[in-house]
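With the hints as extra help, turn the sequences into a complete structure.
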Amino acid sequence: MKVEELDIDERIGNVREILSDTQKKRGILIHAFQQIQKEFNYLPAEQLLSLSKKLDIPLSEVYSTASFYKHFYFRPRGRNVVCVCAGTACHVRGSHKVLEKFEEAFGIKEGETTPDLSLTLGTVGCVGCCGLAPVVTVNEEVVGDLSPDRVASLIKEVKGK
Amino acid sequence: MERLKSIDDFRKLSVTRKAETFKPDTTRVRVCSGTACAATGTPKVLSAMEEEAGKRGINLDIVKTGCQGLCQKGPVMKVEPHNMFYQKVKPEHARSILAYTVQGGMPFRQGLYRQDILSEPILEMTNVPFYKKQLRIALRNNGLIDPKNIYHYIAVGGYSALAKALSSMTPDEALAEVDKANLRGRGGAGFPAGKKWKHTKRASGRIKLVIANGDEGDPGAFMDRAVMEGDPHSLFEGMLLCAYAIGAEYGLIYVRHEYPLAVKNLTHAINQAMELGLLGKNILGTNFSFTLDVREGAGAFVCGESTALVASIEGERGFPRPRPPRLSEHGGGAWGYPSNLNNIETYACVPQIIEKGADWFLSIETKNSPGTKVFALTGKVVNTGLVEVPMGITLREIIYDIGGGIMGGKKFKAVQTGGPSGGCIPEHLLDTPVDFDTLTKVGSMMGSGGMVVMDEDNCLVDVAKYFLSFCQSESCGKCPPCRVGAYQALQILEKITTGKGADGDIEKLIAIGEKVKESALCGLGNSALTPVLTTIRYFRDEYEEHIHDKYCRAKVCRGLGTFSIDNEMCFLCGLCKQACAFDAVKETSRSFFIDQDYCTKCKACYMACPIGAVKVNKASKGQSVKASK
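Top line first, the protein sequences correspond to chains P and Z. For what it's worth, the working numbering labels the leading residue of the first sequence as 1, then goes sequentially. For what it's worth, the working numbering labels the leading residue of the second sequence as 1, then goes sequentially.
Please note that the accuracy of each hint is not assured.
[To be verified] Non-contacting residues of chain P with respect to chain Z, defined by C-beta distances greater than 12 Å in every case (computed): (1) R79; (2) C90; (3) L117.
[Claimed, not checked] Covered by chain Z, according to a simulated footprint, are these stretches of chain P (three or more residues, beta-carbon under 8 Å): (4) 2 to 10; (5) 28 to 38; (6) 54 to 68; (7) 99 to 112.
For the record, the hints were derived by calculation from the structure and aren't laboratory data. The beta-carbon is built from N, C-alpha and C at its ideal position, and this holds for glycine as well.
Here is the structure:
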């Protein structure tokens, strides 16, 4: 969704009845980031600027809030996003080895994107599939029970995407 | 869907649904569609089942349920009316299951659960050891109903607690019942929910909020996810009852963004409940009104802390705020309105308390912590998954009877409870009964319910470092004790695990830990060093081994120990020599050996050896001097 299409009253939900205009504008901020990111896959500067104008919140504060949350990005992300779960269960079952394999295969470090924007590699706190540890998410899909062999075939699969 | 106009309307609907929805002799499969089972192939199994049923002309009622718990053996399903339980189902099993069980009434043996290869397969779900000792209250409907169908929830008795409260209880009576049941907050600290509700009710101001905390950020915990994805209506019913008791009109559910399916199911369920008139204005024709909104988090662990969560709802940086004012007080909650914040699981317990009464709840186990608790049992146990057990059960029962013991016959070392803020409990305390107070006494905490089992291959210094690095990177940075203290402690642990530890490091860690505990602003900061403190308390010898002997007994930490090749075992494949980047593995005509002067203890050879002939040992005294230079 683009900033112009943002309907503050609709998006804030039922609590709109008890909020002042300023509170509504503030309260919609994080949701707006999520919508912008869904559209652009990151937060482009010009979108943040128009958001700041629309909501009457200084750009510095918009940026301050966006930069606090790990989920928001200020640079374009890869077409495919691979996240290695770094939760406890995955950690004790060897997720760091899985991450190393991916880092080697794509020549990027955790948190980086390949120059051709084909892949972003990251880690995630816990996806809640601890029963299948170690787990990797490829875009939205969860792939679990990764043995070294399966990691190799998964890397191949991701490279083909 | 027609809007229900009165409580009688609802009662009629409830009776017809109970009679019609789950008729006992229908052929029905209840397939787990939780995230873990979906990842192991539920969608493929389902389409195979549908196709096969179509071919055979069987009228099959498929119920896609929420998480059934036994994630390790997924996808799992129950086939009715025979009540047979199948695990690790593959699409190619669909034919056999339909032919044997549905048409023939016989078990399909390959799909049944077995404890091990020698024991007899188990037919019914309730007889599987994993489920035998469980008692399900918060997860009562997971595995029974389709979360996307509100009629399923009503068919199993859903919303009848709400109808009971609206028709026969005053708000005060409802509150008194929850208070009497001594329901303690399932989010970690164990604060009695009844007391919290009373505080909020007493707060000045007409407008009040009910907030559910679904920001389940603890790594290794997924209890709330199971409820939000698998049984959203029981959460709503709990929130509705709370709102009725304290006189609130607005509700918010805060969900972390890593749970897209939870957001989807919650939103869907809210719409259905609105249509039926179970949410919205004048619920069931009474003057009680309550609306719900879902708020998505954006990946900040600290937002699970109550004041930070409120800040995040308001659209600010997720910084905790100093208390008082508490959330329940005027000026403390979201937008200053008094707010009652509870964990998802806490709300999910409420309908049962109202329906069956506080005395029933109190009759379940320990006096100070009645009821059940859901744990996410993970780590090195045979059966991982979600378990709901009565309080007072011992850790040993959970790990060995329900979890099936340690994977691969290894030796148990410790169990970590309470997520990154909890502690590690050693073997000699395994018979500790699980409740809020005893766990705190042994230095850990109940937490939200993560339970990670560790065996002899896990290094506890490394585990402590892992948790601390998590807390450190998730520290919001507002108050210095947490921001600086956690960082400094992490540096020390980094030193210890890379063989550069020095005398006095342990004492320094303890001193930092105590200071941070006293002075940090929020719960996350207070407990950031708890894993370090408990591992020092129970496993000090491991820390000392790292520091003085430069040795990690679990062989996890790099840069520790002395590497050598066991020539008796070695069959001269040469992989270790290939693996070594520093030419430390030398070759003679008949053997390999490691040149200690070149060895950087990077473990590459250790990992490369196919038969485990590379040994890591404690350095002998002479060598340890060399290593510490």
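Hint by hint, here is what the structure shows:
1. R79: Per Cβ check, R79/P is outside 12 Å of chain Z; nearest 19 Å; holds.
2. C90: Answer for C90/P: violated, closest chain Z Cβ roughly 8 Å.
3. L117: 21 Å, holds
4. 2 to 10: Contact hint for the segment 2 to 10 of chain P vs chain Z: violated, 0 residues under 8 Å.
5. 28 to 38: holds (count 6)
6. 54 to 68: holds (count 3)
7. 99 to 112: violated (count 0)
Violated hints, listed in ascending order, are 2, 4 and 7; each of the other numbered hints is respected by the structure.
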